[in-house]
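Start from the sequences and build out the full structure, keeping to the hints where you can.
The lines below spell out each chain.
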Amino acid sequence: MCRSLGKALRVAGKPVHAAVSGMTRHVRSAVLFCPVAVLLLLSITILSSCATVPAVVAPEGFAVYERQNDFLAVSPEGVRFKVRYEKNEPEQDLEFWKEALEIHMDGSGYEKLSSDTFETADGEGFYFEWVAPVGQEDWIYLTAVTVHEEWIAVAEAAGSFPMYKKYRERLMKSLESISRPD
Amino acid sequence: MKQLSRIGILTVMVILLGSALLFGQEGGGDKAVGGSSGEDAGPSEYLSFSVQAQLLVIDREAAADALVEWVEEQRGYFIEKSLQSVVLKVPVEDFHKLRTIVQREADEVVSYDVNTFDLRQELNSVQAALASREENLRRVLVFLDNTDVVGTLALEREISSLMGEIESLKGRDRVLRNRMAYAEAYIQLSSMGTDIPSKRPSSFPWINTIDLYSFLEEQP
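So the protein sequences, as listed, match chains A and B. Counting in this note's numbering, the first sequence runs without a single skipped number right up to 182 at its last residue. Counting in this note's numbering, the second sequence runs without a single skipped number right up to 402 at its last residue.
Do not take every clue at face value.
[Claimed, not checked] Below, computed lysine to aspartate or glutamate pairings styled on DMTMM-like, alpha-carbon distance capped at 20 Å: (1) Lys165/A <-> Glu287/B; (2) Lys166/A <-> Asp289/B; (3) Lys165/A <-> Asp300/B; (4) Lys381/B <-> Glu99/A; (5) Lys381/B <-> Asp116/A; (6) Lys381/B <-> Asp106/A; (7) Lys279/B <-> Glu251/B; (8) Lys165/A <-> Glu251/B; (9) Lys112/A <-> Asp377/B; (10) Lys112/A <-> Glu169/A; (11) Lys112/A <-> Glu290/B; (12) Lys381/B <-> Asp355/B; (13) Lys165/A <-> Asp241/B; (14) Lys173/A <-> Glu60/A; (15) Lys165/A <-> Glu99/A; (16) Lys166/A <-> Asp116/A.
Simulated from the structure, these hints should not be mistaken for laboratory data.
If you want it as structure tokens, here you go:
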């Protein structure tokens, strides 16, 4: 039991001894010997290491899907917009991730249409717009990132060129609404 | 009898060739670059321009028609026109207008790359080879006047070979002069001609998840 709990806590990223090291001696012994407190500590630790569904304002006219780990909105014409949080591992700044993503997308064969930065309430982000064929159509694929210390918000949007163009401004507004995890 | 007819054919060939050489000397050849010969042309006249552009357009047919109409107004022409791409031959003096026209017709310009080639070396090489073959032919024709029937037959093969080389070099010369007179613009109206992006592994797990096609396959 203890071994599995310890394993769970390690998986969550914080070993037991590290989590309780900052407590007073009395509290520490109470925590270590009270199973309820241990479970409570476990829950708090696990919850603190899980990102919530990103709080984003959906683009106007998009239907929002209830999902557990990410925010997804889709327009009536099928333009998709998704935002999720990922761990900032290895912890790097915005410039690093911008370069890494650009190299990856270039190398994969996407044609870059544009690139720029945007402002959110919690700081700056960047986006790229890529062109790729889907069936007989040209599609635009937007990839955007904002960095919030140990988390990064990753946004994607895609639509056929005419439809993307129609919703582009609304998508940009939604990007600006991306906030840090609670 | 057979030999006499061969000599007759050869004589006709020689007369035709002689007149062609004379015509060439008098300046009747192709002079696409401002009416001057390659040797007289200024440095910029040896340049050949080409453009590779990729556009995004909502109405591809209308864009292709507009680009072709424009190039024809400039006394250029098109080599290919489809819903995927157009290939235009733009008179070099109007080449600088092309970017503006492309931007006007496109909803988005993904890329516009200009390449410039200096054809001076190749043109000079073709002209030198041509002059050399023509000189050889003249010499062979001089020998032909003073040879017997057996000698004539031996020279026949040499004359045919030289004539073939001269025609081929003249063709190459015409192509080079056309390239100097007209810029070639390859304009893609869609990304469909390009390779479909493929998944490429990254050291960073979240970057590996960034892919348009996986994103579209995801169930809401």
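Handout entry: Hints violated by the structure (listed by number, smallest first)
Key = 3, 5, 8, 12 and 15
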